[in-house]
Amino acid sequence: DDGRLPPMPNFTAIVNPHDRPYQEARHDWCGLVPILSNSRIRSVHVDLMMPDFSFAPITYLTNSFLADPSSTFAVPRGWPEEQLSIYLAGKATAWENKRRTLFWRGGETSPTRRVYSDALTGEATVRLPAPLYIDFKLCGAHCLPSEGVRPEDWCRHQFLLSMPG
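Anchor point for the sequence shown: position 36 equals 36 in the working numbering, and the numbering is continuous, going up by one each time.
No wet-lab data here; the hints were simulated from the structure.
Just the calculated beta-carbon pair ranges, DEER-fashion:
#: 1; residue 1: Ser-146; residue 2: Glu-96; range: 28 to 36 Å
#: 2; residue 1: Pro-145; residue 2: Ala-89; range: 14 to 22 Å
#: 3; residue 1: Arg-114; residue 2: Leu-144; range: 16 to 24 Å
#: 4; residue 1: Gly-140; residue 2: Thr-93; range: 26 to 34 Å
All values derive from a computational prediction rather than experimental measurement.
Think of the CB as a built atom: it goes at the ideal place given N, C-alpha and C, for glycine as much as any other residue.
Build out the structure end to end from the sequences listed, making use of the hints.
Here it is in structure tokens:
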């Protein structure tokens with residue numbers, strides 16, 4: 001593996017690495033932008049890796065430096081070493097061997113998160129393509145060890161719901 005990415009097929013990716021629906025900025029640079037692309041190839045699966053911006057400097061996430069991307073304090077620092085075991089676990093299991101599950105664990109610290117939780121687990125359940133199962137749990141501020149799942153084990157699921165914050 002030479003570390004280079006092969007040409008990407010058409011894919012669907014919605015990425016929003018911030019709690020708020022927009023980034024405040026005083027000029028044209030708008031900070032972190034969600035990626036949205038419609039898939040035209042249903043049979044192709046690729047893993048799209050992006051930095052976990054929760055490890056980025058807070059000034060990058062909040063545009064505290066007036067969204068100045070030239071500031072060294074406002075730039076993500078890359079892939080943290082402690083995430084390596086998670087990436088290796090994801091690569092170790094072939095896509096076809098992963099559970100067809102939408103997986104998420106997290107704290108009940110945001111009203112927005114409760115909306116998603118209720119939609120996925122309540123009576124007004126979101127309709128998901130069959131057979132797609134849900135393994136979704138809201139805890140208090142943090143999950144107890146008995147409720148939690150090691151990050152390396154998240155990669156045993158085909159779909160990971162990301163609601164950072």
